[in-house]
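Colleague: Using the sequences provided together with the hints, build the complete structure.
Residue numbers (our numbering), protein chains in the order written: chain D, 1 to 613; chain A, 1001 to 1613.
The set of hints was computed from the structure by calculation and includes no laboratory data. Think of the CB as a built atom: it goes at the ideal place given N, C-alpha and C, for glycine as much as any other residue. One should not assume that every hint holds.
[Claimed, not checked] Here are a few chain D residues that sit away from chain A, every Cβ distance over 12 Å (derived from the structure):
1) D74
2) R196
3) P298
4) G518
[Stated by the list, open to error] The list that follows gives simulated cross-link-like pairs (lysine to aspartate or glutamate, DMTMM-like), each with its CA atoms no further than 20 Å apart:
5) K1345/A with E1609/A
6) K101/D with E112/D
7) K1532/A with D550/D
8) K1578/A with D359/D
9) K1440/A with D1573/A
10) K345/D with D359/D
11) K1545/A with E476/D
12) K505/D with E1516/A
13) K1349/A with E1601/A
14) K105/D with E1197/A
15) K1578/A with D571/D
Next come the chains, spelled out residue by residue.
2 protein chains.
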Amino acid sequence: MELIKSTQQASLDKAIYRARLGALREKMREHRMDAYLILTDDFHASEYVGDYFKCREYISGFTGSAGTLVVTADEAGLWTDGRYFIQARDQLEGTGIRLMKMGEKGVPAIEEFLKESIREGGCLGYDGRTVSAARAGQLEEVLSSKKISCDGNHDLAGGLWENRPAFPEGKIWMLEEEYSGRSRAEKLSFLREKMREAGADCHLLASLDDIAWLYNIRGEDIAYTPVALAYSLIEDNRAVLYVCPAAVSAETEAALLMDGVEIRPYLQVYEDVKKLDGGRKLLVDKTIVNTTLIGSVPDRVTIINRPDPTMLEKAVKNPVEMDNIRQAHIKDGLALTRLIYWLKKEIGKEPMTRITELDVCRKLEEFRRQGEGYLYQSFSPISAYGEHGAIVHYDPERGTDVPLRAESFLLLDTGGQYLQGTTDVTRTISLGPLTGEQKKNYTAVLRGNLNLAAARFLYGCTGMNLDCLAREPLWELGLDYNHGTGHGVGYLLNVHEGPNGFRLKERDGSRGAVFEEGMLTSDEPGIYLEGKYGIRLENLMLCRKAGKTDQGQFMRFDTVTMVPYDREAIDPDYMSEKELARLNVYHARVFETLSPYLNHEEKAWLAEETRPL
Amino acid sequence: MELIKSTQQASLDKAIYRARLGALREKMREHRMDAYLILTDDFHASEYVGDYFKCREYISGFTGSAGTLVVTADEAGLWTDGRYFIQARDQLEGTGIRLMKMGEKGVPAIEEFLKESIREGGCLGYDGRTVSAARAGQLEEVLSSKKISCDGNHDLAGGLWENRPAFPEGKIWMLEEEYSGRSRAEKLSFLREKMREAGADCHLLASLDDIAWLYNIRGEDIAYTPVALAYSLIEDNRAVLYVCPAAVSAETEAALLMDGVEIRPYLQVYEDVKKLDGGRKLLVDKTIVNTTLIGSVPDRVTIINRPDPTMLEKAVKNPVEMDNIRQAHIKDGLALTRLIYWLKKEIGKEPMTRITELDVCRKLEEFRRQGEGYLYQSFSPISAYGEHGAIVHYDPERGTDVPLRAESFLLLDTGGQYLQGTTDVTRTISLGPLTGEQKKNYTAVLRGNLNLAAARFLYGCTGMNLDCLAREPLWELGLDYNHGTGHGVGYLLNVHEGPNGFRLKERDGSRGAVFEEGMLTSDEPGIYLEGKYGIRLENLMLCRKAGKTDQGQFMRFDTVTMVPYDREAIDPDYMSEKELARLNVYHARVFETLSPYLNHEEKAWLAEETRPL
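Modeller: Right under this line is the structure:
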């Protein structure tokens, strides 16, 4: 798996983007479009997308993971969020594209801008395969008051793109039941039951991780995430999996067929939905299925729009998955513990070894590869030294790689894909003597991390009810972090997986998902001081039942991440007795779990690092 | 103000209710109604209603504050919630009305039951003045699939009611600006600005406390709540207040007129809205305005349905109100502190003085009457001894009054209406030696109460984000309480006022209201052990700003309730150092604030009671 994203485009002269923009406007005129919209999405509303889908980057030169390009005859704007303001400013300079800072005063929303710029009765174009049916519906509604029509039938940017990367057709492989914990037949039977409950007799599934989960298959079409580009149409007594047929071995095809799952070519789904009989009741999640595909469904079919039933079921890990996840985290914990030990030792040498942020990633990858069943990283690693740590989504691969010095913090947020599950862990590592303020802040983040993990709560709570437990120690100091406290994590799937998480506020205005036994969620408070340093500590936790009383069912979290905190960064004077006990219990578990696998030297170091405070 | 609710009906023979049900069915046949619905509401969606509006009680005999009666030709059911299952069972026995336990398995929702019981093309009747437009809309939607029509034009129950209490026409009085803190003219100007923002040129207000707030008037039409039955129609350059004209003195009328507010008879509003011109844009909150009144609005008027702008503005107390609220709470704190001292002294006598739950209420009322500007209680007091304390909405007036003994707890939840604001306070008072478990539980509730009050949090949080701070100490013990942690409180208005509060889950599925400086909210965790005892501790807190850092605006709470906790019930071994400090700081404030007003004996007792632990 390629770890380093292509940065070729960024180095090309900006004239190229001006030329591409010109060519796009030419095409818009041909199709009588007054504006053209390019989102970041692939055809499946995936968080990360393959290179084939990076049309927005191709036209604008902006490489961020979130951004929307709008082009009219005389204007062009790229909307992105706070994470990318600096990067977008640099990359858009000289391209003729204006940076639209989302959420800032005076910056119109995309819909507003489109309504303003397009003439009455005009036309907005986009590639409908990259726009969810829900989003397209919103656009149409907003624009209808000016009688603006939407044309989603043309991939204008793709049409211009010479040497476009090939459409991904990675191999599809089976995930054995010792890893998945549940047979395909059982999962299909569960899903069909949910379809019946919803009053549906067929179900169109477009979410790549849901398809991978349902069929116990994995793919290679998206970096960091082992999924295949696919659709699926599930009916009461048959199911069709639409994928690249060449990606499926005869053995896999036979195994799928045994469970009544037929393989058909990826694009065939657009034809097959057109043939659905009248009176059929089709379950779809319009926030995921793209508008072109929904547009292919005949009017005679009733659409039942609701979240894919697989989403919640996939989030609730089964007992086999839970056991595997613990095993994966022991391997991952060993790799990270060895890395920290190695780093502390090298940094301590006189003269100090030269190690850069990227060297740390490479070394960690080396240690991770020693773990059985390790495949590759679960996301682009964040190795952020000193002031880089204050940039929440820092990426050392962007030519900013610096050597470490024997002071301040290294913030290391990485994860792995193992046959036994997906990991995601952050440790902030002190590389030399710390100031009192640095220790106070590290200790506040640690307290937040430990206190949320220690929560015992009534069944029915969501992340919105519990998030403040992690923020409280920071709020006491007038500090906060501008991100959620935690996200759900998949099983050998997306490192960001819904619906569970810890947030003060959900984007959709809901109260979020109720915690169920088996949900895997990150716990990652942080402090980011611009120009100085960043601190984040992240563990993954499985939600478990914690006894039933006559007041109800209680729940708790079981931390699966096994990596010591940085002893030198902790000031126990800021911790209550309860918090110190929580730290010591965790450290004792880390030592007990990891020490059997460590060599003498590593073990002695870990013993010292995890000694009770 | 009459404190004791009428319980005459409860003592009548059940035959009366069977006869009334028969008469109602007769009327239903006359009007060709297949079912008739009686809600608990008055014409203004008030929480508490005047006796005139108690049709549901008149027909069914059930006196609870929440319950909905549905009558068909051969069935009758009363839907109520867990608070009233026992009371409703007793009161409905022999009436021919089935108790429908809301939320229990197998119990259909009201809408579901209506749809099931009414024949295709049939008719549902109700008094549309008692049903909000939003609720009526839902009913119509659910029933439309069976072509069932709704007839909201007949008050059948009222028509049967001989000796119905008179329609309330209590005196309306002016609240001076030294109490309200803001002139009527300013409030009207604020509201008109909000109307413009909403694109409205007129606004129909039906919420009684919003009307009282807007015009700086108070009334006497509802027990415990100083509001008048009223509507108001506000336009850009005029406003009409619809009330009983006899209730308004010439002086008040003149003062209102000075601000361009005209008085018209209460019922005139139904005629006036019919005359609204075409093209007018009318702002209404359909969850409050009744469906009959909305039905009178001509089709040519555009309705803008959203929450009344006064709701949020009223919840945010102004600086004068905040100062007054603190003063009211000193008076209220003195009354309660004197009551506790008196009670402890009397209970300690040999032989013990005979004191019942109701005696305590009477004595407290005596102490409260000593406070300048005290009007009357803000709700029916809960004075619950021993096992009665476990009944969350216990009402000693229901013939269950018992004498206190020198053991266990008395749970006392009461409040007052003062010119300087509304109070609501709960203390749980130990009357003799406690068991270790009782102390452990009292201390857990105390910790929850103190910890929520100590919260320092980022602006943007709602009660849903913070509620768990109060529950955490209980959850540690496997305990919880089946009610919200807190509710908003009005200023000389409703003791339960929206939109702020502390809840794990909002009824409307939203995340609740963001805390703003000036909001007044209760903090009242509890433990209820059926058949044993109940513990609840309740303070009111004003939300305040707490400094701005580069991370954002921080907020805190300022506790205004000034009453000592029960020293004998606290086991400091269960409290952290931080929690003990919180307790000691509060107790020091209570002593400092109240002691100047106490006599020598009382002062000595309070000094001991609030000595640092």
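Colleague: K101/D and E112/D were given as a pair; does the straight-line alpha-carbon distance stay at or below 20 Å?
Modeller: Given that 20 Å is the threshold and the Cα spacing comes to 14 Å, the pair holds.
Colleague: If you draw a straight line from the CA of K1578/A to the CA of D571/D, is it 20 Å or shorter?
Modeller: Cα-Cα ~17 Å, so holds.
Colleague: Beyond 12 Å on every Cβ pair: is that true for P298/D relative to chain A?
Modeller: Answer for P298/D: holds, closest chain A Cβ roughly 25 Å.
Colleague: Going straight from one Cα to the other, do K1345/A and E1609/A come out at no more than 20 Å?
Modeller: Holds, because 13 Å separates the two Cα atoms, which is no more than 20 Å.
Colleague: Between K1440/A and D1573/A, is the straight-line Cα distance small enough, at 20 Å or below?
Modeller: Judged against 20 Å, a Cα distance of about 9 Å means the pair holds.
Colleague: Between K505/D and E1516/A, does the CA-CA distance stay at or below 20 Å?
Modeller: holds (16 Å)
Colleague: Is the hinted pair K1545/A and E476/D satisfied, with a Cα-Cα distance of at most 20 Å?
Modeller: holds (14 Å)
Colleague: Given the hint that K1349/A pairs with E1601/A, does the C-alpha gap stay at or below 20 Å?
Modeller: holds (16 Å)
Colleague: Does D359/D sit within 20 Å of K345/D, going by the straight-line distance between their CA atoms?
Modeller: holds (15 Å)
Colleague: Quick one: work out the minimum CB distance from R196/D to chain A and report holds if it exceeds 12 Å, violated otherwise.
Modeller: Check passes; 20 Å lies beyond 12 Å.
Colleague: Beyond 12 Å from chain A, beta-carbon-wise, is G518/D?
Modeller: The claim holds: G518/D sits with its nearest Cβ about 20 Å from chain A, beyond 12 Å.
Colleague: Run the distance test for K105/D versus E1197/A: straight-line Cα separation, threshold 20 Å.
Modeller: The given pair, whose Cα atoms are some 18 Å apart, holds under the 20 Å limit.
In this structure, the one hint that does not hold is number 8.
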